Structures are given as C-alpha cells and as structure tokens.
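> Here's the letter readout for the chains.
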Amino acid sequence: MSTPDIIDTLAGIKPGSALDAIRARRLQARDNAQKSYLSLFEPIDAGDFSLLERAAVAAFVTGLHGESPVATFYRDKLAASAGGAALLEAIEAEIARGKTSGPYGSFPAGPLSVENTAGLIYRVSAASKSVLGARLVAAFEHAHLLVFRPRDAASTDMKALLAAGWSNTGIVTFSQLVAFLSFQVRVVSGLRTLAAANA
Amino acid sequence: MSATVNPPVVFTQDELGWVSWIEPLPEAELTERHFAGLVDRARAKSEYFRLLVRDPEVLEARTKTDKDIFYNVADGLPRAERELAAAATSRYNGCIYCASVHARFASTYSKRREDVQKLLDEGVSADLGERWNAVVKASAALASTPIAFGPDNIAELRRAGLDDAEIVDVINGASFFNWANRLMLSLGEPSK
Chain G
1 MSTPDIIDTL AGIKPGSALD AIRARRLQAR DNAQKSYLSL FEPIDAGDFS LLERAAVAAF
61 VTGLHGESPV ATFYRDKLAA SAGGAALLEA IEAEIARGKT SGPYGSFPAG PLSVENTAGL
121 IYRVSAASKS VLGARLVAAF EHAHLLVFRP RDAASTDMKA LLAAGWSNTG IVTFSQLVAF
181 LSFQVRVVSG LRTLAAANA
Chain D
200 MSATVNPPVV FTQDELGWVS WIEPLPEAEL TERHFAGLVD RARAKSEYFR LLVRDPEVLE
260 ARTKTDKDIF YNVADGLPRA ERELAAAATS RYNGCIYCAS VHARFASTYS KRREDVQKLL
320 DEGVSADLGE RWNAVVKASA ALASTPIAFG PDNIAELRRA GLDDAEIVDV INGASFFNWA
380 NRLMLSLGEP SK
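As given, the protein sequences belong to chains G and D, one line each in that order.
When we follow this note's numbering, the leftmost residue of the first sequence carries the number 1, and every step to the right adds one.
When we follow this note's numbering, the leftmost residue of the second sequence carries the number 200, and every step to the right adds one.
Quick caveat, the hints were computed from the structure, so don't treat them as lab data.
Any given hint might turn out to be false.
Unchecked claim - Straight-line alpha carbon distances no greater than 30 Å define the calculated DSS-like cross-link-like pairs of lysine-lysine that follow: (1) D:K310 <-> D:K263; (2) G:K14 <-> D:K310; (3) G:K35 <-> D:K263; (4) D:K391 <-> G:K159; (5) G:K14 <-> D:K266; (6) G:K35 <-> D:K244; (7) D:K310 <-> D:K266; (8) D:K263 <-> G:K77; (9) G:K99 <-> G:K129; (10) D:K263 <-> G:K14; (11) D:K391 <-> D:K310; (12) G:K35 <-> D:K310; (13) G:K35 <-> G:K14; (14) D:K266 <-> D:K317; (15) G:K99 <-> D:K336; (16) D:K391 <-> D:K317; (17) G:K159 <-> G:K99; (18) G:K159 <-> D:K244; (19) D:K244 <-> D:K266.
From a predicted model like this one, the values you see are computed outputs, not experimental measurements.
Can you make the complete structure from the sequences, with help from the hints?
Structure (structure tokens):
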C-alpha cells in the first residue's frame with residue numbers, strides 16, 4: 001500500500017520490531033483499519049460529507065481526547081485542507097470548551113437509572129457558529145455526544161442533523177468517522193503504552 | 200423514525216432486535232457495490248447493515264477488521280476473552296444491544312455464564328477473578344475519555360498471565376467496541 005500505515009506511524013511501530021511482528025499476525029485487521037482510514041479521508045465520493053468537513057470533525061474529535069500524536073496528525077491534516085486553516089482557531093476554542101471526562105449520560109428509565117451520571121451537554125459557542133456554519137455546528141454537537149455520552153443518543157439527534165442539511169448517507173459516513181476515530185485513537189494509545197512498558 | 204415499542208431497560212444475554220432511526224437502503228436497491236460492502240450477502244436482511252451500507256467502502260473495511268480481531272484465533276487471546284473485552288466495553292459505554300450479543304458469545308466460549316451475567320448486572324467493577332478482572336479493567340480504561348489505559352493495566356494483564364500478543368488482542372477488541380458501540384447507540388435502538 002502506498003500510504004504508510006497510519007496506526008503504525010502514529011504509534012511509532014518500526015518495521016521489524018516486536019509489535020510489528022504481533023500486528024503482522026492480524027494482517028487483515030491491520031490492512032482494513034488502514035482501508036477504513038482511506039475510505040473516510042480519501043473517499044470515492046465525498047458528496048454527502050465534504051473533505052473539509054471530514055478534516056474539521058476529525059480535528060475536533062481527536063482534540064477532545066486530549067493532546068496526542070493522533071490529535072496533532074488530524075490538526076495538521078485540517079491545516080493542510082482547502083479552507084481548513086480558517087477554521088483552526090474556532091476549532092481549538094471549541095475543543096477547549098468541550099473537554100470533559102466520559103462516558104457519562106443516562107440509561108433507559110428503569111433499574112439502570114441509578115447509574116445515570118450527569119455531565120457537560122456541549123453546545124457550540126455563539127462566536128464559533130458563524131465561522132463553522134450550520135452543518136458543522138450540528139456535526140460538532142453530535143460528535144461531542146458520541147465521544148462522551150453515546151448512551152444519551154436519541155432519535156431527535158438524528159432529526160437535528162437532518163434539519164441542518166445532513167443526508168441519510170452523510171449521517172452514516174459521519175457516524176462511521178467519529179466512531180472509527182474513537183477506535184483509532186485507542187489502538188494507538190494502547191500500543192504506545194505497551195511499547196513504552198517494554199522499553 | 201418511529202419509537203421502539205417495549206425497549207430493553209437492563210443488560211441481558213437475551214437475543215435483542217435493533218431498529219434504525221434513519222432510513223436503511225431498501226433491499227431492492229442494493230447493487231454489487233453494496234453487496235461487496237456487506238461482505239456476507241445474508242446481511243442484506245439486516246436493517247443495521249442495510250443502513251451502514253450507505254457507505255459500502257467503510258462498512259466493508261470495518262467488517263473485515265472486526266472479523267480478524269475477533270475470529271482469527273490461530274494464536275493470541277482465546278475467543279472468550281476477546282468477547283469479554285467487547286462485552287465489558289459495551290457495558291461501560293452503555294450499549295445494551297452490543298453487550299447482549301457479546302456477553303452471549305463470552306458465555307458460549309467460556310462456559311462462565313454466571314460470571315458474564317455478573318458483569319452485566321454489576322458493571323465493570325464486578326469481581327470475576329484475577330484474569331477476567333484485568334481484561335475488564337483494561338477495557339474500561341481504554342473506553343474512558345480521556346483514555347485512562349496505562350502501565351498499571353499492562354502490569355496487571357501480565358500478572359494475570361497475558362503475553363504481549365494477548366495484550367494486543369485486548370487492546371484491539373476493546374478499542375473496536377468503542378467504534379461499534381457508537382454506531383449502535385446513535386443510529387437506532389434495541390428492541391425486545
């Protein structure tokens with residue numbers, strides 16, 4: 001594959017290392033995590049979710065997870081995207097406003113209600129709204145929900161995205177992108193932790 | 200976008216259904232590109248997969264990642280403990296549907312149905328013995344945001360007898376369910 005493996009790059013896994021050998025034993029998982037990345041960020045058709053929107057959501061989502069090589073990678077990717085540099089400042093401000101600890105939220109009413117945990121219900125600031133536009137405002141608010149309190153998601157959240165101009169197909173790709181990044185940032189963090197424990 | 204009748208309100212090992220909040224593709228509209236995305240043609244019968252197949256390339260890559268992480272058991276962690284990592288992550292994030300599927304698999308492969316039920320009933324702090332406790336604790340630490348997985352989790356997994364290849368399987372299995380949970384929780388809801 002021409003593009004270097006993103007997880008290996010971000011986790012600092014060198015060819016020939018012990019972790020490289022372990023990852024080679026799950027080659028299909030490794031190759032398809034890479035294909036997921038490529039289908040999300042170099043798609044055949046970006047008609048329902050533009051490349052700029054993908055880069056903006058990725059910078060926001062990975063930034064919410066805290067400073068890491070993954071967050072730096074997607075911030076740089078946004079900066080390099082057409083129209084991305086103009087969004088950086090607002091996105092940095094929204095990351096700072098949106099940072100909290102998860103998962104939290106509510107369970108369906110019943111015996112699990114005793115486990116309900118309150119936390120930040122994030123909304124984009126008035127100042128950032130005009131910079132980001134209606135589609136990204138809705139996307140950021142939904143992405144924050146998915147990152148920190150996925151169990152709070154409700155059918156009304158889908159209606160909010162549709163109302164902001166997202167298509168059904170766009171919502172699927174957007175949900176995959178946020179969920180995929182939730183996976184990728186954890187694999188990278190886990191592998192880096194394991195490598196450091198062996199160093 | 201209809202509300203589900205009688206949604207489950209507790210974690211269970213029973214078989215549940217799942218209904219979408221937005222429109223899946225109609226089966227009659229699926230093309231060869233979509234069938235490639237579904238990987239298994241039989242998935243055309245599933246509302247969940249007919250929804251995700253709106254982006255066939257992502258679905259195909261995701262499905263193949265999933266299958267290798269969980270089913271490629273030529274070496275590494277036994278299947279039961281990969282399923283345990285998936286169930287623990289789902290319990291912690293609050294995905295009743297994913298937890299039901301993977302708790303059931305964990306029970307089938309481990310023959311420890313009561314311990315699996317204890318995880319569902321009590322949550323990730325349930326005492327399931329040293330080895331399972333280490334897997335569950337590592338899964339919850341990985342699922343936390345900011346990620347709380349650290350050297351203590353590695354040390355605990357090693358004390359419980361896991362080697363590095365097995366620890367990578369825990370990392371992959373738990374991380375993958377942070378992907379799966381967010382799709383199942385946000386695009387629809389479980390039904391009984």
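> Are the hints correct? Go through all of them and say.
Hints, one by one, checked against the model:
Restraint check for D:K310 and D:K263: satisfied, since their Cα atoms lie roughly 27 Å apart, inside the 30 Å limit. For the given pair, G:K14 sits about 39 Å from D:K310 by alpha-carbon distance, which is inconsistent with the 30 Å threshold. The straight-line distance between the Cα atoms of G:K35 and D:K263 is roughly 10 Å, inside the 30 Å bound, and the hint therefore holds. Distance restraint check for D:K391 and G:K159: the Cα-Cα separation of roughly 24 Å lies within the 30 Å cut-off, and the hinted pair is therefore satisfied.
Annotation: proposed proximity of G:K14 to D:K266 holds, straight-line Cα distance about 25 Å (limit 30 Å). About 25 Å separates the Cα atoms of G:K35 and D:K244, which keeps this hinted pair within 30 Å; it holds. For the suggested pair D:K310 and D:K266, the alpha carbons sit about 22 Å apart, so the restraint of at most 30 Å is met. Restraint check for D:K263 and G:K77: satisfied, since their Cα atoms lie roughly 26 Å apart, inside the 30 Å limit.
The suggested pairing of G:K99 with G:K129 holds, with an alpha-carbon distance near 18 Å, which does not exceed 30 Å. Proximity of D:K263 to G:K14 is assessed by CA-CA distance (about 24 Å); at most 30 Å being required, the pair is judged to hold. At most 30 Å may separate the alpha-carbon atoms for a hinted pair to count; D:K391 and D:K310 meet this at roughly 25 Å. Restraint check: the Cα-Cα separation between G:K35 and D:K310 comes to about 35 Å, which exceeds 30 Å; the hinted pair is violated.
Under the criterion of a C-alpha separation no larger than 30 Å, the hint pairing G:K35 with G:K14 is consistent with the structure, at around 20 Å. Pair hint D:K266 plus D:K317 holds up; C-alpha atoms about 27 Å apart against a cutoff of 30 Å. Of the supplied pair hints, the one linking G:K99 and D:K336 holds, its CA atoms being roughly 23 Å apart against a limit of 30 Å. Under the criterion of a C-alpha separation no larger than 30 Å, the hint pairing D:K391 with D:K317 is consistent with the structure, at around 21 Å.
Using a Cα cut-off of 30 Å, the hinted pair G:K159 and G:K99 holds, with the two alpha carbons roughly 25 Å apart. Between G:K159 and D:K244, the direct Cα distance comes to roughly 25 Å. Compliance with the 30 Å bound is thereby established for this hinted pair. A hinted pair counts as satisfied when its Cα atoms are at most 30 Å apart, and D:K244 with D:K266 qualifies at roughly 19 Å.
Checked against the numbered hints above, the structure breaks hints 2 and 12 and satisfies the rest.
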